[in-house]
Amino acid sequence: QQQVKQSPQSLIVQKGGISIINCAYENTAFDYFPWYQQFPGKGPALLIAIRPDVSEKKEGRFTISFNKSAKQFSLHIMDSQPGDSATYFCAARSSGSARQLTFGSGTQLTVLP
Amino acid sequence: KAGVTQTPRYLIKTRGQQVTLSCSPISGHRSVSWYQQTPGQGLQFLFEYFSETQRNKGNFPGRFSGRQFSNSRSEMNVSTLELGDSALYLCASSLDLNTEAFFGQGTRLTVV
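Chain order of the listed sequences is A and B.
Note that the working numbering has the first sequence beginning at 995, numbered continuously upward.
Note that the working numbering has the second sequence beginning at 647, numbered continuously upward.
Bound-form chain A, shown alone:
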C-alpha cells in the first residue's frame, strides 16, 4: 500500500514537445506529492509539489495535475528542452507517523534537439 507506481520508464520527446509522466498511488493517507529531477552524478532536486486540495499547480513550464478520486497525479513539461533531459521521480508522503517520501521508480526523459 506504500507503493507509488510511475510510468513510463523512459520517454523520448522532440524539442518543443510536451513530456508527460504519470504516477499512481494506493495509500489514501498520502497528502503531499512532490516531483524531483535528477541529473547524473547529482542528488534529486525538488521541482514542484502539490497537496490534494488542488487539482493542478503550475510553475513555469512544469505543471502537476492531480486526480484524487483516481489516486493519480502527473507531471507535464511544456516546450520541453534538451536541458530537461534527466530522470524524474514522483513521490508521495503522509503527514502521519510514516512521514518518509515514497518514490516512484523514475522516468528517464530524453529531449532531442
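Since the hints were derived computationally from the structure, they do not count as laboratory data.
The C-beta atom is built at its ideal place from N, Cα and C for all residues, glycine as well.
Any given hint could turn out to be false.
[To be verified] Derived Cβ-Cβ restraints for the label pairs, each shown as a range:
no., chain 1, residue 1, chain 2, residue 2, range
1, B, Gly-686, A, Thr-1022, 26 to 34 Å
2, A, Gln-1102, B, Gly-649, 35 to 43 Å
3, B, Lys-659, A, Thr-1022, 40 to 48 Å
4, A, Ser-1063, B, Phe-715, 41 to 49 Å
5, B, Ile-658, A, Ser-1049, 45 to 53 Å
6, A, His-1070, B, Gln-664, 42 to 50 Å
7, B, Glu-728, A, Lys-1052, 40 to 48 Å
8, B, Pro-685, A, Gln-1008, 38 to 46 Å
9, A, Asn-1061, B, Gly-730, 34 to 42 Å
10, A, His-1070, B, Thr-653, 23 to 31 Å
11, A, Ile-1014, B, Gln-664, 38 to 46 Å
12, B, Val-758, A, Asp-1073, 39 to 47 Å
[What the hints assert, rightly or not] Restricting the straight-line Cα-Cα distance to at most 25 Å, the calculated cross-link-like pairs of lysine-lysine (PhoX-like) are:
no., chain 1, residue 1, chain 2, residue 2
13, A, Lys-1036, B, Lys-659
14, A, Lys-1062, A, Lys-999
15, B, Lys-703, A, Lys-999
[Said to hold, decoys possible] Derived coverage of chain B by chain A (criterion: at least 3 residues anywhere in the stretch with Cβ under 8 Å from a Cβ of chain A; other residues may be distant):
no., stretch
16, 699 to 706
17, 744 to 755
Model the placement of chain B on the given structure of chain A, informed by the hints.
Relative to the frame of chain A, chain B by itself:
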C-alpha cells in the same frame, strides 16, 4: 544559502568494514532524512531525525544506524559492509517535519 552538504562524495570500502557518512543540512533546517539509491531498488528510505531523535525508520537491517547532533548535522553508519550496500546514499534536509525536503549530492559508496 548553502545547500545540503554530504561528505565524502566517494568512498570505496572492503566487505566487512564499516563506514560513516556525514550530512550538513541547510542552515536552519532541523530535520534530516537518509535515503539509499540503487539501480535495482530505486530510492528507499533509511531513517529520519529531528531534534537529535530518530523519528522514523525504514526497512533496513540493524547494520544501518544514524544519529543527529545538536547543530542538526547528521551521520549514518553502516557496519559489516556487504557488496549489496554499494549505492548512492542521499541526505535530505527539511525546515521542519512535513515540509519540503532538499537533497544533497550524495555519497557514492562502493563495497569491494
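The hints, checked one at a time:
Take B/Gly-686 and A/Thr-1022: their Cβ atoms lie about 28 Å apart, and the range 26 to 34 Å holds. With their beta carbons about 24 Å apart, A/Gln-1102 and B/Gly-649 fall outside the hinted range of 35 to 43 Å. A beta carbon spacing of about 41 Å between B/Lys-659 and A/Thr-1022 agrees with the range 40 to 48 Å that was offered as a hint. Checking the proposed 41 to 49 Å range against A/Ser-1063 and B/Phe-715 shows it holds: the Cβ atoms sit about 44 Å from each other.
Checked against the given bound of 45 to 53 Å, the beta carbons of B/Ile-658 and A/Ser-1049, roughly 48 Å apart, stay inside it. Here the CB-CB span from A/His-1070 to B/Gln-664 is close to 45 Å, well matched to the stated 42 to 50 Å. Between B/Glu-728 and A/Lys-1052, the C-beta spacing of about 45 Å keeps the proposed range 40 to 48 Å intact. B/Pro-685 and A/Gln-1008 have their C-beta atoms about 27 Å apart, which leaves the hinted 38 to 46 Å range violated.
Under the hint 34 to 42 Å, the C-beta atoms of A/Asn-1061 and B/Gly-730, about 37 Å apart, fit the expected range. For the pair A/His-1070 and B/Thr-653, the beta carbons lie near 37 Å from each other, so the given range of 23 to 31 Å is not met. Between A/Ile-1014 and B/Gln-664 the beta carbons are some 44 Å apart, a value that agrees with the proposed interval 38 to 46 Å. For the hinted restraint 39 to 47 Å between B/Val-758 and A/Asp-1073, the CB-CB distance of approximately 45 Å keeps it satisfied.
Restraint check for A/Lys-1036 and B/Lys-659: satisfied, since their Cα atoms lie roughly 21 Å apart, inside the 25 Å limit. In summary, the hint linking A/Lys-1062 to A/Lys-999 is supported, as the alpha carbons are separated by about 15 Å, within the 25 Å threshold. Distance hint between B/Lys-703 and A/Lys-999 is fulfilled; the C-alpha atoms sit about 22 Å from each other, no more than 25 Å. Figure legend: the stretch 699 to 706 of chain B, annotated as covered by chain A; annotation consistent (3 residues with Cβ-Cβ distances under 8 Å, at least 3 required).
Residues of the stretch 744 to 755 of chain B lying with their CB closer than 8 Å to a CB of chain A number 8, which satisfies the three-residue condition for coverage.
Hints 2, 8, 10 from the earlier list are contradicted by this structure; the remaining hints agree with it.
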